[in-house]
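Visitor: Single-letter residue listing:
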Amino acid sequence: MAALCGRLLRCRGWFPPQQIVRHGSKAVTRHRKPMHFLRQKLLAVTQYIPPKPAIPERCIKPRKGEVQEPSGLEKLLRREVEITFRENKMITVFQNNSITSEELRRLRHRLLKHDIRMKFFPNQILRSFLADTKYKNLLPLFIGHNIIIVSKEPKAKELMKTVRSTTQISLLGACIEGVLFSQQGVVKYSRLPGMQIIHGEIVGGLTLMTAQTCQLLQSGPMHLAALLEQYVKQQSGAATGLKETGSVEQKETLGSQGS
Amino acid sequence: MAAGRGRVILKTVKEIIVQFCPFESNVRGAREFLAAVGTEKARLTNSNCRIVADVKHDEMEPVIAVTFNGRGRRFGSNCLRNLDDGERLVMKAANLTTREMLSFFTERCFAKDPQAQEMASKKSH
Numbered sequence: 187m188a189a190l191c192g193r194l195l196r197c198r199g200w201f202p203p204q205q206i207v208r209h210g211s212k213a214v215t216r217h218r219k220p221m222h223f224l225r226q227k228l229l230a231v232t233q234y235i236p237p238k239p240a241i242p243e244r245c246i247k248p249r250k251g252e253v254q255e256p257s258g259l260e261k262l263l264r265r266e267v268e269i270t271f272r273e274n275k276m277i278t279v280f281q282n283n284s285i286t287s288e289e290l291r292r293l294r295h296r297l298l299k300h301d302i303r304m305k306f307f308p309n310q311i312l313r314s315f316l317a318d319t320k321y322k323n324l325l326p327l328f329i330g331h332n333i334i335i336v337s338k339e340p341k342a343k344e345l346m347k348t349v350r351s352t353t354q355i356s357l358l359g360a361c362i363e364g365v366l367f368s369q370q371g372v373v374k375y376s377r378l379p380g381m382q383i384i385h386g387e388i389v390g391g392l393t394l395m396t397a398q399t400c401q402l403l404q405s406g407p408m409h410l411a412a413l414l415e416q417y418v419k420q421q422s423g424a425a426t427g428l429k430e431t432g433s434v435e436q437k438e439t440l441g442s443q444g445s
Numbered sequence: 095m096a097a098g099r100g101r102v103i104l105k106t107v108k109e110i111i112v113q114f115c116p117f118e119s120n121v122r123g124a125r126e127f128l129a130a131v132g133t134e135k136a137r138l139t140n141s142n143c144r145i146v147a148d149v150k151h152d153e154m155e156p157v158i159a160v161t162f163n164g165r166g167r168r169f170g171s172n173c174l175r176n177l178d179d180g181e182r183l184v185m186k187a188a189n190l191t192t193r194e195m196l197s198f199f200t201e202r203c204f205a206k207d208p209q210a211q212e213m214a215s216k217k218s219h
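Top to bottom, those sequences are chains G and V. Okay, so the first sequence: first residue is 187 according to the working numbering, each after it adds one. Okay, so the second sequence: first residue is 95 according to the working numbering, each after it adds one.
Calculated directly from the structure, the hints in this document are not laboratory data. Be a bit skeptical, because a hint or two may be false.
Unchecked claim - The list that follows gives simulated cross-link-like pairs (lysine to any residue, SDA-like), each with its CA atoms no further than 25 Å apart:
#	chain 1	residue 1	chain 2	residue 2
1	G	K341	G	D301
2	V	K150	G	S433
3	V	K135	G	V349
4	V	K150	G	Q404
5	V	K135	G	T352
6	G	K320	V	K150
7	G	K322	V	D152
8	G	K305	V	S197
9	V	K150	G	L316
10	G	K338	G	V279
11	G	K338	G	V373
12	V	K206	V	K150
13	V	K105	G	K275
14	V	K105	G	K322
15	G	K347	V	C143
16	G	K275	G	V373
17	V	K135	G	K322
What the hints assert, rightly or not - A short list of chain V residues far from chain G (calculated; beta carbon distances all over 10 Å):
#	residue
18	E109
19	S119
20	R122
21	L128
22	T133
23	E134
24	N140
25	V149
26	A205
27	Q209
Said to hold, decoys possible - Part of the chain V face toward chain G, derived, beta carbon under 8 Å:
#	residue
28	E126
29	H151
30	G164
31	A188
32	F204
33	P208
Fair warning: this is a prediction, and the values are worked out from it, not measured in the lab. No residue lacks a Cβ here, since even glycine has one placed at the ideal position from N, Cα and C.
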């Protein structure tokens, strides 16, 4: 055996027909044995290629837009917005021209005296909420930094007085008792007199009309009566006039006869 | 490049009137310009400058009118003639962005302010 090996090694370039594998690693090892190159090649060649359909699926299937679930904070803010818009009769939108925090604090304090509250909401949530409600005409107001000032009772006069001194916020629009107002509208609304005065004025106006009706109905017959009286007077006047001339003539004839 | 481009300096400005209708859809630029000019820092640069927001509901385009300080010529004195002459800058903000308007405005202010120009030239030297 040794002599044979020696003779083989002497003539280089000839390899024995049997592969010596006694010193190779075992088939089952504890580590992952790298796949033999020939085995790799074989598996690559014999890999399964599924048949492709005539029209690919992505041409037929409609693209689904990803719908993101609103987060907890968004739901909470949305609920707050709903409650605010439901409970308050007066909702005004102001633009915040970079008011300082000190000024803001003072303004909030002055408004709270009249039970008027300031609210801050993100524009996105406001827009998504308002688009489905009756307030959709307020949508174009919500651009940039805004303050929403709300109150349960419509107190436009107090609001305008308080806000007049602050230059850093400007009124954009309002929704008072379901009616949309512009800035001029709110100013005019604040100048209206109170409800009691208006009630008194309406009642006075209506009673005036009814009093006038009575007079109006009576005026026709009264006019007729006056005319008839006048006629009667004229007739009686004419009759007495005739009698007088008749008596005067009689006197004259008597006088002429006597003489 | 104007010195302090990010800041709004109102030293040479007498009055800014921003007129817009909030129910229109093209007022974003005007509103943001108003907010930028109305910041505390900007207002502190000139406490005499009047910033007026004119909110109307007339469906007109938003307009920003800036009046610069105008002193005119002083007769019988040796001081330099003042270049500010009550010039008005009118920007129709319907199709302009805030950035464009602010950059143009600050450019104009810088051009009218000799002090700022001196500072900028010193810095560059």
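Visitor: State for each hint whether it applies.
Guide: Tested hints:
Between the alpha carbons of K341/G and D301/G the distance comes to roughly 9 Å, so the proposed pair stays at or under 25 Å and holds. In summary, the hint linking K150/V to S433/G is not supported, as the alpha carbons are separated by about 90 Å, beyond the 25 Å threshold. This hinted pair checks out: K135/V and V349/G have alpha carbons roughly 22 Å apart, not beyond 25 Å. For the given pair, K150/V sits about 53 Å from Q404/G by alpha-carbon distance, which is inconsistent with the 25 Å threshold.
About 17 Å separates the Cα atoms of K135/V and T352/G, which keeps this hinted pair within 25 Å; it holds. Between the alpha carbons of K320/G and K150/V the distance comes to roughly 23 Å, so the proposed pair stays at or under 25 Å and holds. Proximity of K322/G to D152/V is assessed by CA-CA distance (about 20 Å); at most 25 Å being required, the pair is judged to hold. In summary, the hint linking K305/G to S197/V is not supported, as the alpha carbons are separated by about 33 Å, beyond the 25 Å threshold.
Simply put, K150/V and L316/G have alpha-carbon atoms about 23 Å apart, close enough for the 25 Å limit, and the pair holds. This hinted pair checks out: K338/G and V279/G have alpha carbons roughly 15 Å apart, not beyond 25 Å. The hinted pair formed by K338/G and V373/G meets the criterion: a straight-line CA distance of about 19 Å does not exceed 25 Å. This hinted pair does not check out: K206/V and K150/V have alpha carbons roughly 31 Å apart, beyond 25 Å.
This hinted pair does not check out: K105/V and K275/G have alpha carbons roughly 44 Å apart, beyond 25 Å. As the CA atoms of K105/V and K322/G are separated by approximately 42 Å, the hinted pair breaks the 25 Å bound. Proximity of K347/G to C143/V is assessed by CA-CA distance (about 24 Å); at most 25 Å being required, the pair is judged to hold. With a CA separation close to 17 Å, the supplied pair K275/G and V373/G stays within the 25 Å bound.
Between the alpha carbons of K135/V and K322/G the distance comes to roughly 36 Å, so the proposed pair goes past 25 Å and is violated. Against the 10 Å criterion, E109/V stays outside the reach of chain G, whose nearest CB is about 13 Å from its own CB. The Cβ of S119/V sits about 6 Å from the closest Cβ of chain G, inside the 10 Å cut-off, so the non-interface label is violated. For R122/V, the requirement that its beta carbon stay farther than 10 Å from each beta carbon of chain G is not met, with the minimum near 5 Å.
Separation of L128/V from chain G is inadequate, the least Cβ-Cβ distance of about 6 Å not exceeding the 10 Å criterion. Distance check for T133/V against chain G: the nearest CB is about 4 Å away, which does not clear 10 Å, and the non-interface claim fails. A Cβ of chain G approaches the Cβ of E134/V within 10 Å, the least distance being about 5 Å, so the stated non-interface status is violated. In this structure N140/V is separated from chain G by more than 10 Å, as the shortest Cβ-Cβ distance comes to about 14 Å.
Non-interface status of V149/V relative to chain G is broken: a Cβ of that chain comes within 10 Å, the nearest being about 4 Å off. Against chain G, the non-interface label of A205/V holds: every CB pair exceeds 10 Å, the least being about 25 Å. Every Cβ of chain G is farther than 10 Å from the Cβ of Q209/V; the closest lies at roughly 25 Å, confirming the non-interface assignment. The closest approach between the C-beta of E126/V and any C-beta of chain G is roughly 6 Å, which is under the 8 Å cut-off, so the hint is satisfied.
Taking 8 Å as the C-beta contact cut-off toward chain G, the hint placing H151/V at the interface holds, the least distance being around 4 Å. For G164/V, the suggested interface contact is broken, since its CB lies about 23 Å from the closest CB of chain G, more than 8 Å. Among the interface hints, the one on A188/V is violated; its C-beta lies about 14 Å from the nearest C-beta in chain G, farther than the 8 Å criterion. Because the beta carbon of F204/V sits about 22 Å from the nearest beta carbon in chain G, more than 8 Å, this interface hint is broken.
Proximity of P208/V to chain G is violated relative to the hint, the smallest CB-CB distance being about 28 Å (cut-off 8 Å).
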